[in-house]
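Enquirer: Keeping their order, the protein sequence lines are chains A and B. Numbering of the first sequence is given in the working numbering, commencing with residue 1 and proceeding in unit increments. Numbering of the second sequence is given in the working numbering, commencing with residue 1001 and proceeding in unit increments.
In case anyone wonders, no lab produced these hints; they're calculated from the structure. Virtual Cβ for every residue (Gly too), placed ideally from N, Cα, C. Where hints are given, some of them may not hold.
What the hints assert, rightly or not - Taking beta-carbon pairs under 8 Å as the criterion, some of the chain B residues facing chain A (in silico):
1) Pro1036
2) Val1040
3) Arg1085
4) Tyr1102
Claimed, not checked - Beta-carbon label-pair distances, calculated as ranges:
5) B/Glu1250 to A/Arg171: 56 to 66 Å
6) A/Glu10 to B/Pro1307: 50 to 60 Å
7) B/Ala1138 to A/Gly173: 37 to 47 Å
8) A/Ala14 to B/Ala1283: 32 to 42 Å
9) B/Arg1275 to A/Glu10: 44 to 54 Å
Protein chains: 2
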Amino acid sequence: MMTGEFAAIERLRARLATPPEGEVWIGDDAAVLLVPGGSVMLLCADAVVLGVHADESFDGLDDLGWKAVAANVSDIAAMGGRPGRSVVTVAGPADTDLDLLYEGIRDAATFFACPVVGGDLTNARDLVVSAAVTGSIASGRPVLRSGARPADEIWVSGRLGAAAFGLRCLREGIATGAPGVAGPTGETSATEVAIAAHRRPRPSVEAGLTARATGATSMIDVSDGLGADLAHIADASGVGVSLEMVPRAEGATLEEAMAGGEDYVLVFTVPPSARIEDAFAAAGLDAPVRIGACTADPRERTLCGRPFAPRGWEHSWG
Amino acid sequence: MMTGEFAAIERLRARLATPPEGEVWIGDDAAVLLVPGGSVMLLCADAVVLGVHADESFDGLDDLGWKAVAANVSDIAAMGGRPGRSVVTVAGPADTDLDLLYEGIRDAATFFACPVVGGDLTNARDLVVSAAVTGSIASGRPVLRSGARPADEIWVSGRLGAAAFGLRCLREGIATGAPGVAGPTGETSATEVAIAAHRRPRPSVEAGLTARATGATSMIDVSDGLGADLAHIADASGVGVSLEMVPRAEGATLEEAMAGGEDYVLVFTVPPSARIEDAFAAAGLDAPVRIGACTADPRERTLCGRPFAPRGWEHSWG
C-alpha cells in the first residue's frame, strides 16, 4: 500500500523515543533541545534531490545547493529562531559539478549567516544534498505548531504562490531569462520575480523573529502548500481554520497560492490584541496579511465558507 | 579530471567561510562550536548509500540505518565527546522498507544514546541516509587531528580489519549466518564477529572519552583505513609516522587492517608519559595497543621501516 509522507512520518515517530521535559522532537519545523546553562537550541534537517526539488533543464546546481540550506533556514525561521551553523552532506555522481553546487550552498550560508562547518561527500546515482542547521532563540521560548487557540487571527508574512508560478513559467517556457534581471524599463517583471522565488527562495527569518516577539501562538513555514501547512497547525493545536482570503503573488493562480509550497512565507496565529502590522512596520518588513481566524471546530478547514483540501506536496512511500 | 574525495573536500573548504576564534570547522572529525555560556558543542554529518555502504544482497536496510548513525557517533567519539542528539534525512524509492530502515536507525540511536529528534523523507532513485549528530565535552577541550608532536606514541583502541574481513566473508559466501549467532560450542566464531563488525560497527565512545581524559594530543576514527586516517593526523599535525606493528583482527589480512576502514577503532597520540593502559583498564575497556610513534620528519609514513601508502577508501569526484 502506497502511503503519503505525513503518514510515514507519523508511523516512524511512534517507533522512536519520546523527548524529556523541555525538549520538542519530531513533529514541528525544528527540534527544540536543551543546552547546558538553561537556554535552548534548535536543530533541523532537510534533503533536496536533483530532479525533484530542482530540474537540471532550467535550474542550476547552485540553485539546488541554495535550496538545501534555505529549506532548513525556513524551518528555523518558523520557530522564531535565528540560524546558526550548517552541516551539509552531498551524495552524487562522480561527474557532479561540486564547485557550482557549493557556490549555491555558500551563497545561502552567507546570506542567511549560517556558515557550513562540516559535512561529507559520497557517491550515488542521484544527486542528494542534505543539510542540518542549528538555530538559537535570543530569549523566551520558540513558537510551536501546537499553540493556536480558537479566535486567534491567522496571518501570513507575504503573498503566496510565487515559487509555483515561477516553476510554471520555466516549465512552459514563458521566460528563460536569468532570475531578477531588470527589463528594458529598469523594472523587474513579475515573471522574473517568480523565477527568482523558485530558484532562490528567501526564508522569512526577520518575519519569524518579529512574529515571535509580538506574541505568535503558533507558526509554520509554507513549504508544502498553505492548505497543507495550515492543516498541520490546526491538527497540532486542535483548532479549526476559517480563511477569508489568500493573498496571491503577481501572476500566481489560487491553486498555486494554496498548494504550491516552497514559498517559505510564514503563516502564524496571534491573539486579536497583538499589534502585528505595527511590529512588522517597525522592523522594516513588508506588511503581513490577515487571512482568517482559528475556530473552535477542529474539523473546520474553509476558505470563504467552502471547504478546502488540506493537501499539498507529499512524497510517496510504499 | 577525476579527483579523490579528500582533494575535493580541500577545494570546497577553500570556498567556504573561516571559523571565529574558539571554533573548528571543516577538516576534523566533527566541528567544534561555541555555545552561549562558554561550553562547546560538537556537530558532524555523514551520509550512507545503499549499494556503497551496504549491499542489499547480504546486508539489511536496518544495517544501513545503523551505519548512518554509527558513522557520526564515531566522529563524535574521535573528538573525545559524548553523542547527544541526531537528525536523519532519508531520500529513497517509494517502495523502501522504511520500517526496517528505521529499526536500525532507532537501534543505533538507543545503543549510543543519541535519540533521533527530527529529519526529512524525500523520494530519490538511490537510498541515501544522511545523519547529523551533536556531541558534548564534559569539560576541557575536544581532541583535534592537529595536536600530535614528534615522539608522541601512537595507539589504537582495538584490533583492525574486522569489518573488511566480515565484508569479504559475505562477498565470498564463507558465511551467511546472522551476525553474532553462537556456534554449536557456544562460542562466537571469528567469522561471525567480523560479519557483525561489518553490519553493526561499534564506535568507541568510551575509549575516546578515556583517551581524551588521559592526555591524547590528537585522535581520529579509522573509517577510511588506518593508513589514510593516520596520514590525516600527520598532515594536520606536521609530524611523521613510524609504525612498528598493526594489530589485526582474527581472520583479517594486513591489507584489510591497513586500508579496510569502517572499523571505527580510534587511533590517537599521547606523550610517552601518559598512562594509557592503566586508564583503559580502569575504565573496563579492552587493552589499547601501541603501534608506533610520531617522528620529526613530516614526510615519513613507514611500517617496520618501509613506506606505506596512505590511501584508503575515497569516493570519486570529477
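Enquirer: Take the hints in turn and mark each one as holding or not.
Expert: Taking the hints in turn, this is what the structure says about them:
1. Pro1036: holds, 6 Å
2. Val1040: With Cβ-Cβ at 10 Å, over 8 Å, it is violated.
3. Arg1085: holds, 6 Å
4. Tyr1102: Holds - the Cβ of B/Tyr1102 comes within 8 Å of chain A, reaching about 5 Å at its closest.
5. B/Glu1250 to A/Arg171: 56 to 66 Å: holds, 59 Å
6. A/Glu10 to B/Pro1307: 50 to 60 Å: holds, 56 Å
7. B/Ala1138 to A/Gly173: 37 to 47 Å: For A/Gly173 against B/Ala1138, whose Cβ atoms are near 59 Å apart, the range 37 to 47 Å is violated.
8. A/Ala14 to B/Ala1283: 32 to 42 Å: holds, 36 Å
9. B/Arg1275 to A/Glu10: 44 to 54 Å: holds, 52 Å
Comparing the model with each numbered hint stated earlier shows that hints 2 and 7 do not hold.
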